[in-house]
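Asks: Could you build all of it, start to finish, from the sequences and the hints given here?
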Amino acid sequence: MENGFSGKVLISNSSIVTDYFNRTVILMVEHDNSGAFGLVLNKKMEVSLNDVIQGIPDGIDGSLPIYSGGPVDPTYVSILHDNPKLKQPGIEVIPGVYLARSFEALIELLEHPDKTKFNVYQGYSGWGAAQLEGEMERKSWVVHDPNAEWIFTEDPEATWQEALKSKGGLYKYFVEHTKDPMLN
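Residue numbering for the sequence shown is 107 to 290, as defined by my numbering.
Rather than coming from a laboratory, the hints here were simulated on the basis of the structure. Errors might be hidden in some of the hints.
[Claimed, not checked] With a cut-off of at most 30 Å between alpha-carbon atoms, the simulated DSSO-like pairs for lysine-lysine come out as follows: (1) 271 with 114; (2) 223 with 191; (3) 273 with 223; (4) 245 with 114; (5) 114 with 193; (6) 193 with 223; (7) 150 with 223; (8) 150 with 114; (9) 223 with 278; (10) 193 with 221; (11) 150 with 271; (12) 114 with 273; (13) 114 with 221; (14) 271 with 245; (15) 150 with 278; (16) 150 with 221; (17) 191 with 221; (18) 191 with 150; (19) 273 with 150; (20) 191 with 245; (21) 114 with 278; (22) 150 with 245; (23) 193 with 150; (24) 114 with 191; (25) 114 with 223; (26) 245 with 278; (27) 245 with 221.
[What the hints assert, rightly or not] Label pairs and their computed distance ranges (CB to CB): (28) 236 with 121: 19 to 27 Å; (29) 251 with 140: 34 to 42 Å; (30) 128 with 236: 20 to 28 Å; (31) 275 with 197: 14 to 22 Å; (32) 210 with 237: 32 to 40 Å; (33) 213 with 237: 21 to 29 Å.
Here a beta-carbon is modelled for each residue, glycine too, at the ideal position from N, C-alpha and C.
Replies: Next comes the structure, spelled out in structure tokens:
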């Protein structure tokens, strides 16, 4: 499997996925024969940067919210951002969106929050070899092309429905005409 779902989004099928991943949209960072790694885009947590990250210098606003990137390893902190000019921008996951993990990148973004869009994630979503493929066979996920607006939205709770609408066809129809588009 060459690249698998890397650079795509997975939209949960809420008629099957009823756990942590119910109504989530995951940006897939990496997927190959050994497993998969992604970040949930639409689960804003009730904590801020100051609650999770130590050492933010005085004078820098650390009250920004943190997103739950997934249920795996809450010590794993990462940043999705749109600034390729950072000293350490990280890897480009989709055109114009980068994944960084360094404290220096975070501070650089916090120093100029008006010049870039970014979200900080705690934890990640991970699958072992062939695990995601099994979930795909059970139709747990809908695969779609990503949209940077879903990452940097003001309303992350609407992301799941927006992603399904943009998929078009029956997905759009059911989002607009049913309480749960995946139940039909």
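Asks: List, from low to high, the hint numbers that the structure doesn't satisfy.
Replies: Numbers 20, 27, 29, 31 and 33, in rising order.
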